[in-house]
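Chains C and L, in that order, are what the protein sequence lines are. According to the working numbering, the first sequence is numbered sequentially starting from 1. According to the working numbering, the second sequence is numbered sequentially starting from 1.
Some clues are possibly wrong.
With a cut-off of at most 20 Å between alpha-carbon atoms, the simulated EDC-like pairs for lysine to aspartate or glutamate come out as follows [what the hints assert, rightly or not]:
1) L:K578 / C:D50
2) L:K574 / C:D52
3) L:K574 / C:D78
Just so you know, these hints were derived from the structure itself, not from any lab.
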Amino acid sequence: MTGPIAEAEKLLLLKASGLMLLVVVPVILMALAFAWRYRATNDRAAYSPDWDRSRVVEITVWGIPAIMVGLLATMVWDKTHALDPYKPLPGGEPLLVQAVALNWKWLFIYPDHGIATVNELAIPADRPVSFRVTSQVAMNSFIIPDLGGQIYAMAGMETQLNLQANEPGKMQGRNMQFSGTGFPQQTFDVLAMTEADFDGWIERVRASDQALDDRSFAEISQPSIAAPVTYFASAPQGFFAGLLAGSADMPHAADTTAEGAGN
Amino acid sequence: MTEDISPLLGRLGPDALPLYSWVAMGGAMVTVAGGLGFLAIVTWLGKWRELWSGWITSVDHKRIGIMYIVLALIMLIRGFVDAIMMRLQQALAMDGGGYLPPEHFEQIFSSHGTIMIFFMAMPFVTGLMNFAVPLQIGARDVAFPVMNSISFWLTAAGAGLVLVSLVIGKFSTAGWTGYPPYSGVQFTPGVGVDYWIWAVLVSGVGSTLTGINFVVTILRKRTTGMTLMHMPMFTWTALCSSILIVFAFPALTVVTAMLALDRTVGTHFFTNDGGGNVMNFMNLFWIWGHPEVYILILPAFGIFSEVVATFSSKRLFGYPSLVYATMVIAVLSFTVWLHHFFTMGAGANVNAIFGIATMVIAVPTGVKVFDWLFTMYRGRIRFEPPMLFTLGFMCLFVVGGMSGVLLAIPPINYATHNTTFLVAHFHNMIIPGALFGYVAGYMYWFPKAFGFRLDRNWGARAFWFWFTGFILAFMPLYVIGLMGMPRRMESYANPDWQPWLIIAFLGACLILLGIVSLGIQLWVSVRDRVRLAAEADDPWDGRTLEWSTSSPPPAWNYTELPIVSVRDSFHEAKLTGKPIPTAPLTASIHVPRNTAVGPVIGFAGFCVGFGVIWFIWWLAAVGLALVATTLIARSFADDTESEAFPGRGTGIS
Ligand code: HEM
Ligand SMILES: [Cu+2]
Ligand SMILES: [Cu+2]
Numbered sequence: 001m002t003g004p005i006a007e008a009e010k011l012l013l014l015k016a017s018g019l020m021l022l023v024v025v026p027v028i029l030m031a032l033a034f035a036w037r038y039r040a041t042n043d044r045a046a047y048s049p050d051w052d053r054s055r056v057v058e059i060t061v062w063g064i065p066a067i068m069v070g071l072l073a074t075m076v077w078d079k080t081h082a083l084d085p086y087k088p089l090p091g092g093e094p095l096l097v098q099a100v101a102l103n104w105k106w107l108f109i110y111p112d113h114g115i116a117t118v119n120e121l122a123i124p125a126d127r128p129v130s131f132r133v134t135s136q137v138a139m140n141s142f143i144i145p146d147l148g149g150q151i152y153a154m155a156g157m158e159t160q161l162n163l164q165a166n167e168p169g170k171m172q173g174r175n176m177q178f179s180g181t182g183f184p185q186q187t188f189d190v191l192a193m194t195e196a197d198f199d200g201w202i203e204r205v206r207a208s209d210q211a212l213d214d215r216s217f218a219e220i221s222q223p224s225i226a227a228p229v230t231y232f233a234s235a236p237q238g239f240f241a242g243l244l245a246g247s248a249d250m251p252h253a254a255d256t257t258a259e260g261a262g263n
Numbered sequence: 001m002t003e004d005i006s007p008l009l010g011r012l013g014p015d016a017l018p019l020y021s022w023v024a025m026g027g028a029m030v031t032v033a034g035g036l037g038f039l040a041i042v043t044w045l046g047k048w049r050e051l052w053s054g055w056i057t058s059v060d061h062k063r064i065g066i067m068y069i070v071l072a073l074i075m076l077i078r079g080f081v082d083a084i085m086m087r088l089q090q091a092l093a094m095d096g097g098g099y100l101p102p103e104h105f106e107q108i109f110s111s112h113g114t115i116m117i118f119f120m121a122m123p124f125v126t127g128l129m130n131f132a133v134p135l136q137i138g139a140r141d142v143a144f145p146v147m148n149s150i151s152f153w154l155t156a157a158g159a160g161l162v163l164v165s166l167v168i169g170k171f172s173t174a175g176w177t178g179y180p181p182y183s184g185v186q187f188t189p190g191v192g193v194d195y196w197i198w199a200v201l202v203s204g205v206g207s208t209l210t211g212i213n214f215v216v217t218i219l220r221k222r223t224t225g226m227t228l229m230h231m232p233m234f235t236w237t238a239l240c241s242s243i244l245i246v247f248a249f250p251a252l253t254v255v256t257a258m259l260a261l262d263r264t265v266g267t268h269f270f271t272n273d274g275g276g277n278v279m280n281f282m283n284l285f286w287i288w289g290h291p292e293v294y295i296l297i298l299p300a301f302g303i304f305s306e307v308v309a310t311f312s313s314k315r316l317f318g319y320p321s322l323v324y325a326t327m328v329i330a331v332l333s334f335t336v337w338l339h340h341f342f343t344m345g346a347g348a349n350v351n352a353i354f355g356i357a358t359m360v361i362a363v364p365t366g367v368k369v370f371d372w373l374f375t376m377y378r379g380r381i382r383f384e385p386p387m388l389f390t391l392g393f394m395c396l397f398v399v400g401g402m403s404g405v406l407l408a409i410p411p412i413n414y415a416t417h418n419t420t421f422l423v424a425h426f427h428n429m430i431i432p433g434a435l436f437g438y439v440a441g442y443m444y445w446f447p448k449a450f451g452f453r454l455d456r457n458w459g460a461r462a463f464w465f466w467f468t469g470f471i472l473a474f475m476p477l478y479v480i481g482l483m484g485m486p487r488r489m490e491s492y493a494n495p496d497w498q499p500w501l502i503i504a505f506l507g508a509c510l511i512l513l514g515i516v517s518l519g520i521q522l523w524v525s526v527r528d529r530v531r532l533a534a535e536a537d538d539p540w541d542g543r544t545l546e547w548s549t550s551s552p553p554p555a556w557n558y559t560e561l562p563i564v565s566v567r568d569s570f571h572e573a574k575l576t577g578k579p580i581p582t583a584p585l586t587a588s589i590h591v592p593r594n595t596a597v598g599p600v601i602g603f604a605g606f607c608v609g610f611g612v613i614w615f616i617w618w619l620a621a622v623g624l625a626l627v628a629t630t631l632i633a634r635s636f637a638d639d640t641e642s643e644a645f646p647g648r649g650t651g652i653s
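Input sequences plus hints: build the corresponding full structure.
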């Protein structure tokens, strides 16, 4: 299971590693070779105790790392913009999902469908998904390793992440930032499915007899470990915005959308 | 607050004892037994007077340096016990297995990180600076010897708080970084985070004072002719590191003090509500935290420079390059802190700029590696243990540097942040980079400090265990990090990770043998000290000034201060057969008298910390009052020096 973002990140990892190995491997070999060749017991090797400068060597040793870093820097500039988690992915209207970190579980709200779930995230394959992320507890970090990317979830603030799955399948997402006792088990299932299956899944969630409201939210906000998957047939409009503003009565909560982005 | 707070004992009650788990109980008992055992041995040997006047109240930089290193070695053992416990837990913890409950595992990774950084690495590097820098620049002592003693005892007080938390109460569960809001009272109400805060705060003040002391010492106390560009490389790196301390540590002091106010007084700097902003904590913390890694590693680079030149019997290659590279690193280290939270949602421009700034540091660092390589080129390399550690460093450090650059590429960081890939990276910098350097420095200068060398075979064994153990313990973490394993996991459900974690545990066992070898080395060396004392004044064919004085040096270091005119002045002197010229001694030498100011302030600092942690307000007040009265009393003392060596020639003192 993978997606375009994860693939691009992996490729970047391989390219950058390959480039650096061009220097790293020779350095290790040089260290071993020099140590062996110039061991004190080898009196056939040359010995120049006062040789401590050489313009050629100086230029080379500043030059090689500088060129290497120059190459990497252009890579960084390009790819950081190309793979910016806030950047919408090409390929049509994204599915909007709001993710809320709780102790120690995840609440997902689908504002366009008016439904919500706990610890299960279904997405259509081959269609961009745009996450809005916040926390009601300590700082969490939202990640679906197979799809790439990672973004912090902070109370009173909204961060964004754009991902996509290439094909249907089952994955796992989780919190990556230690947040207390239930942290190791704070995972959720990610189900990538065809559009048709996704519509069917929406209907199944709508068939639930539970609704997301202040009472049921208070219930799932109770700390619990490995909470079962729960479906909410309805989620009020603006619930997520209410959490952002209410969780914190922070003076700056009104401008959190831009502020969480820091730009 | 619903807790009962008694005026006498604050919130301290019988439930503070570690009765919640056998493992914690065991740890507490070992700690108490260790402390009592130490007291018993000192009493039995009748050494209290010697301990008090020779060490505790000493203001001699060499003795303070040695005490720092003893503290570091003790804390290394404690930190390592934590580490191997985590390794064992994770080797077993598939599907909820293992022997440590989550609440205990959380304390262990927090105390391990805190101890290793603040109470192992910092004291180790400070101890080496203390011991070697004044000798290298031909000074009689540091600029402010009493302040030096205060620094040490404040550090010891912080370490004491961490050790006490094992027995009375619990330690933090918020990791060594103590990120709010998790570290706020809302999520962690007990005393744990307060222990972390006060240990870091009290020892941090000590570190700041050390920084000031060494900047002034190096800039003002050099002997005649010791221009900046004649200074040994280690002194250069100590200077850069001290400058970084002066600029960086205040940020740490401020940020922990703000967190303390949030927790104790109820302010809202970093809370979820009341207008707090956790992002400020992360920024302030890492504005200290990134320079901190260079504070730790630059002096290790300095040691490698000394060692590689000495044991290659060759001049250090590219000395000016190394000096500039060190300075460049020091300046740049303040410009990259954001790379610790690329995933906080800053824009692409911000992330890219900080990513590139981070990589730029790789340039001067790469230069250094090449300069060491070319120092070996056409040398005559002797594989004494310090040189082995230096070679091990060169081979492993480049790997850690490479993973560091990978983490500095924001899109790669999004996938690897908070995974064991990160854990592998920073251990790869800090063990082969910093710790190997400190161990090399310890073995290199040991004969200068005690008048005999350390056993060579056990030193080599220690190296091979550390080297292979490191590879086994940390390379697997790169692999499972790329597979997505988060750090700080008490248990997991992914069977693919377990084999790698078992290998990592075996690696930790090899490192244990490395630590045991260091212990045996010390033991056999003390036993064979007469044999190992041969040529102790200059056991390695040294090049820098410190090898020209006796081993151990007199309290005043040099009876007649040397006058230098070249770099590697001792080497030049041996080469030309002419001793280093000295300034004739016209007056008698005075050294500062011992004083209890340092230990008293350290004790007072401990009381302030312990008092605030447990809400024992009278104790905190007494501690503060003690600090104030000690400082005031000291400022009235005028007979603070004694004659240590009579003047020659003039006869007047
Ligand atoms: C001697 C061998 C060592 C071993 C086997 C070891 C092992 C570990 C382990 C298992 C962890 C927890 C990883 C996780 O969160 O999944 C850890 C974390 C850490 N270690 Fe080490 N370590 C060693 C030495 C050091 C040294 C020398 C330092 C620093 C000078 C250090 C600094 C840290 C820090 C800062 C953390 C992070 C703690 C946190 O998550 O808050 N370690 N180490
Ligand atoms: Cu904010
Ligand atoms: Cu950093």
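Comparing the hints with the structure gives:
Under the criterion of a C-alpha separation no larger than 20 Å, the hint pairing K578 (chain L) with D50 (chain C) is consistent with the structure, at around 19 Å. Only pairs whose Cα atoms come within 20 Å are accepted, and K574 (chain L) paired with D52 (chain C) is accepted, the gap being roughly 19 Å. Distance restraint check for K574 (chain L) and D78 (chain C): the Cα-Cα separation of roughly 57 Å exceeds the 20 Å cut-off, and the hinted pair is therefore not satisfied.
Violated hint: 3 only; the structure is consistent with all others.
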